[in-house]
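If you read the sequences in order, they're chains A and B. Numbering of the first sequence is given in the numbering used here, commencing with residue 953 and proceeding in unit increments. Numbering of the second sequence is given in the numbering used here, commencing with residue -16 and proceeding in unit increments.
No lab work stands behind these hints: they were computed from the structure. No residue lacks a Cβ here, since even glycine has one placed at the ideal position from N, Cα and C. Where hints are given, some of them may not hold.
Selected chain B positions facing chain A (in silico; Cβ < 7 Å) [said to hold, decoys possible]:
no., residue
1, T25
2, E41
3, L74
4, D101
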Amino acid sequence: MSEFASLVESRRRPIVTAEFPSLDGGDLETVREAFDHYRPYVDAVNITDNPAAHAHASNVSMAIAVKQVGGEPIMQVVCRDKNRIAAQADIVGAQMHGVTAFCALTGDDVTAGDEPEARRVFDIDGPQLVSIMNGISRGTYLSGRKLKHHRELLIGAVENPFAPPVEIRARRARLKVDGGAKFLQLQIGYEPNKLEAFIEACRSNGVTRDAAILPTVILTKTAGALRFMEGNVPGIHVPSDVIDRVADAEDPAEESYQLVREQTEHALSLAGVAGIHITDFRHDDTLRRLVTDLQIGPEFATGANPSIHQTA
Amino acid sequence: MLRKLLPMAEHVVKGPVWDCQMCGQCVLHSTGMTCPMTCPKTLRNGPCGGVRADGNCEVKPEMRCVWVKANHRAETLPLLPSSWREEVGHLRPPVNNSLKGDSSWLNLMNGKDRETPDGWLAEQ
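Same shape as in the complex, but just chain A (with noise of 0.2 Å):
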């Protein structure tokens, strides 16, 4: 078992996962160096998959890659670029290299993307992806075949507790949770309200007990920042104040990063929240700044805020 999959399952203390930048070209020692940027401060680093639709070095080379300069890839795949055939090759192929952590997701629109006129796959959706990477942890393919050898697999999953019908987003995290997805990362909200209401209810169904939670925080330094995010990235909606507290600051980088402290240490008040997940479009010394001003990740193992163990 990994550190990462230990983690996930004791919680031993608050988890730190963040976003690694999307490649295009470079070799290894590019890879290298962007994630020297993260490795003293995350248990783990999301590869993404073409995210927003936009094609970029892929999600197999870059995980492969990002566990060959020593750090814990999380594979995600998502369902919009290619069928179940090639969902799963990738999986089976990317395990063979070391990496054990996935995460599925649906995956933005075509639309979202610079190439709208590519065709939009989704042969597959998120939930049913989740039972999918299950079945590969146990040895068996989609069609019923057997992998001639496996292992275990950390399964995660996504869900976004800001977007309509709110009511039912704990419902659909429980479904993927009962799919095999022993972690979820949270879409990107400036809604505290509506991650409370999430929380609540995840606690009721116990997602909270049966999987790792982490919302996602993203470091940013502009109010155009937050008005990009609201008006062109689907599923994240960022409210007029927000907004015009970074914009009415005297030092709007700064006012940025009591924002996202703010946010950080509201999730990890929340009782069965397990960590964050850290998106950083700053690229400057503020993801270092937070996780020590926090005291959390891997450098400050033993500062664990003690109500991320009440994960009833």
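Starting from the known structure of chain A, arrange chain B on it as the hints suggest.
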């Protein structure tokens, strides 16, 4: 003869009412009588995370999210048996693309619409 006539009859009935896409394995009963194949991502287990704050579709901003509708209708539509209402939250298996164009009525009778690949939920 029946294999040819039934799909036509089914399309005539279900097309105008539910915008039926003739997937051949109808799940309308479990989705608040809302066809999931009209979701631009053809999700059998929606809604995706891209639903807009107003409840409309990520792909077609002018269209109500099919799964927002499905969940609402599963709860509020009169005359639905309670087992159908509950089924909206159940996991539906991947679509069998080889049934596309068939009559789901026929596939309901001969059980083809309930067949799943051998590895689906195997040993779970």
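Hint validity - E41 (chain B) Cβ closer than 7 Å to any chain A Cβ
OK, holds: E41 (chain B) within 7 Å of chain A, min 4 Å.
When the nearest CB of chain A is found for L74 (chain B), is that gap smaller than 7 Å?
holds (6 Å)
Please check whether T25 (chain B) passes as an interface residue: C-beta within 7 Å of a C-beta belonging to chain A.
Check passed: Cβ of T25 (chain B) comes within 5 Å of chain A, closer than 7 Å.
Interface hint check: D101 (chain B), Cβ to nearest Cβ on chain A, cutoff 7 Å. Holds or violated?
holds (3 Å)
Checked against the numbered hints above, the structure breaks none of them.
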